[in-house]
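These are the residues of each chain, in order.
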Amino acid sequence: MRIGVFVCSCGTNIAGTVDTKRVASEALSFADVVYATNYMYTCSEPGQQEIQKAITEHGLQGVVVAACSPRMHEPTFRRAVEKAGLNRYMFEMANIREHVSWIGTDKEANTRKALDLVRMAVAKLRFNAPLFSSKAPVNKRLLVIGGGVAGIQAALDCAEGGMDVVMVERKQYIGGKMAKLDKTFPTIDCSSCILGPKMVDVSQNEKITLYAASQIESINGYIGNFTVDIRKKATYVNWDACTGCGACVEKCPSKKAEDYFNEGLGQARAINIPFPQAIPKKAAIDAQFCRQLNGKKCGVCAKICPVKAIDFEMKDTIVTEKVGAIIVATGYDLFDYSVYGEYGGGRYPDVISGIQYERILSASGPFGGHIRRPSDGREPKDIVFISCVGSRDASVGRPYCSGICCMYIAKQAILTKDHMPESNSYVFYMDIRSPGKNYDEFVRRAQEEYGVQYIRGRVGKIYQRGDRMVVQGADTLLGVQVEVEADLVVLATGVESSSGAGELAEKLRISYDQYGFYMESHPKLRPVETNTAGVYLAGACQGPKDIPSSVAQGSAAASKVQSLFAHDTIETNPQVALVNERNCIACGKCIQVCPFGAIQWKELRGGIKKAEVLQTVCQGCGVCNATCPPKAIQLQHATDNQILAEVNELCA
Amino acid sequence: MKRVAYYKGCSLEGLATEYDRSTRLVCEAFGIELVEIHDWNCCGSSPAHSYDPLLSSALAGRNLAIAADQGCDVVMTPCPGCLKSLKGAQETCEDPSKRKAFVDLVGRDVDGMKTISLLQLLYEEVGPEAIKKAVKRPLSGHVLIPYYGCLLTRPADRAKFDDPENPISLDRLIEATGATAPDFPFKTECCGATYGVTRNEFVGRLSGRILDMASQLGGEAIVVACPLCQQNLDMRQDQINKFAKRDFHLPVPYISQVIGLSLGISPKKLGLDKLCVSPDVLLEDRAGDEKRVQEQAG
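From first to last, the protein sequence lines stand for chains V and L.
When the first sequence is numbered by our numbering, its final residue is 790 and no position is left out of the sequence of numbers.
When the second sequence is numbered by our numbering, its final residue is 1564 and no position is left out of the sequence of numbers.
Chain V on its own, in the form it takes in the complex (with noise of 0.2 Å):
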């Protein structure tokens, strides 16, 4: 074989700390190499027509590229070797840089090891053949897993350009955290003004299939064909006879049940429909606060029903849709501040959450819009803010900004100002953070407009004084200790991954953060992907958000599913198992060890069992290769032989 070995430089990136010419003086000295050379950026366009001159001028058959991580740029060489004419797959990268130089100093060590792994990518190549995609066909419906406002956004975009839609959430209504607002910053537009008319679109699009109080139970297949099986979970009430009437919610006798949406500020019936405007507008029984199904006499809203809806006997059911692709919008939960002991670590009842006080707040929250202390049902006065609750605090795990609490507690106190002029509001900060459209000005308009008084530092402590809470703080600017009697404390409490991230991520096989927000496939240039094709991100489970960004990356990630829905097939990896037939001895270890179902028996003349590998539905994680007692199975690309190429290389 006649193998071109292409160094590059990355500017100062990979040259600062590694002797690029030298690797590729050095690397003319390997096994079937012809042309080695070095570039200061090989993935620009003078650099890669250079790969492309060299394999017409010195008849290269395989082509290695040192330089950075090929998770960006080997699908640019890939597409250059094959302009030039050659398969896509006679094509090698050596990291040199996320591996090498970005890690170590020393130049002469580096530069060692960028000839290592040169040297083992050639290795490599010399046993790589041609491989060839097949196409398969693409199924033109989205998946939506997550009925916030991303999700919705997605939804609405991909409905409206003719896709049928699936939608998953795991509550009972949809509208996410932006339900539960009152109104938003920076413009103090009412939440459920906005968002209603959305949550009506979705539940009367035909294109748009909603599955409420449902949960994704497993994902199988590829980009393309993802076939899923979803949960229904039993709500003790058939929903297709429900007409949300609520006679159920007014007669049922058990009214101590959790009040979820409303953040445990209120009580609930155990037959429920969370909120006026809930899309779907169904009750559902909340079982563990249900009489009848905790084996007492009861059954009034069976009783009552017009239309015979409950059903005490209702099980969870699988359903399975078959999708194309699949686009996240999990969103995110609240620090759950109890953890601070120095806030009382809810101890103190009117010591509450800003999302409890968004429902004090809100016309249709516990206390009517009225603005009213939890213990006593009292009117506050003074009320305190404390900011970064469970943000940029690494002592309790949260490192980072939430990005969120700064706006929204400018928010609230304006709002406190709107409904009780006579109110005083202190807001304890670290800093304030304000960049986007408009909201600076906003912040602003709190501190000048409204008199917010700002104060610059942490609090220690808060602690009852009779019927009043203390805060006890610094102030930084003025250097002393400072003490606020307070009716009422909101605490800012921060952004964190939603409960179950993980377990999604590992049904959908896309990767998270150590926080568990999802992670997308560059920071940068592909924020709304996935590294799991056909996966796409929207919203706060990629990490902190507010509502435009959210709505943002909902239509982003649309529109990424719009374009791939625009080809009717797809071309197929060809990195997948393939069994050596001659060799196979029909154990059947490899199917049973596939997790993706991916192996099955095949028959040849004389009733003679061989493996066989359904090339769609492959992953090519390679477990089959590894177990396969013969070896007859092997993973192309990454065969024994390729890996044991690199191997004595390495240990050559």
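Just so you know, these hints were derived from the structure itself, not from any lab.
Because the structure is a prediction, the values reported are computed rather than measured.
We treat Cβ as the ideally placed atom computed from N, Cα and C, and that holds for glycine.
FRET-style restraints, in silico, Cβ to Cβ:
| hint | chain 1 | residue 1 | chain 2 | residue 2 | range |
| --- | --- | --- | --- | --- | --- |
| 1 | L | Arg-1424 | V | Asn-376 | 56 to 66 Å |
| 2 | V | Thr-325 | L | Arg-1465 | 47 to 57 Å |
| 3 | L | Val-1369 | V | Pro-213 | 47 to 57 Å |
| 4 | L | Arg-1465 | V | Glu-560 | 39 to 49 Å |
| 5 | V | Arg-596 | L | Asp-1305 | 38 to 48 Å |
| 6 | V | Gly-535 | L | Thr-1460 | 29 to 39 Å |
| 7 | L | Asp-1305 | V | Glu-644 | 57 to 67 Å |
| 8 | L | Thr-1283 | V | Gly-535 | 42 to 52 Å |
| 9 | V | Ser-637 | L | Gly-1378 | 37 to 47 Å |
Once you've looked at the hints, dock chain L against the given chain V.
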């Protein structure tokens, strides 16, 4: 019987001998053998570590090394200041960049040693349930304020015990004796510490706040586990009264004395007579009264 090395530190030799006596009696009652560290020396306290952290670690570390030589792997100290120094020595020994210097000075490593406070020993090794079972003279009807001070549970990554901001171990131990322990908001506030010597108006203000809040909550006594807090709140209570123009009269017993009382150990043996503010109120037997009230009501 559990063997625990006992590092009493200088306070318990001098001003706080009653803490030492009551600690020994309570440990004995629960079958814990206290092995006194042979030829122990000062932990170095604040002066050593403000002069040279390595000196502080070496001074405290020597005691850990002796305890290890005596075959103990747990060292208990009732004093939070000593606790901090001993734990600091352990950290220094485990820090690769300082380990050599430490071992050179101390003569051996102290790997695997664990230092705990008396509070942690009583809470985790004995436990409120066992105390409850052993109580002979319940303190029911008494309202006792749990006060931890600033150092017992902090800094959190060094103390590794209880919640640094809202600890509850002392609360649970007080409740185990039958007494009521109100939720005390100033349980970890500063008492003024060594400013009692140089700037005692600080102690007047800071300890004054603690006494004020304790009496607002109906406390009859403030229960402590730190000799310095005890000294400020008890011995300086007159000074505080003068400074704050108040008339506080709150006894400040150690947790070991309170538990000792509930076990039926004599007040004299526990050194209750050593307290400046008379703790006589604690000796009133209200358990019987309560029972009678309940019987009458029932």
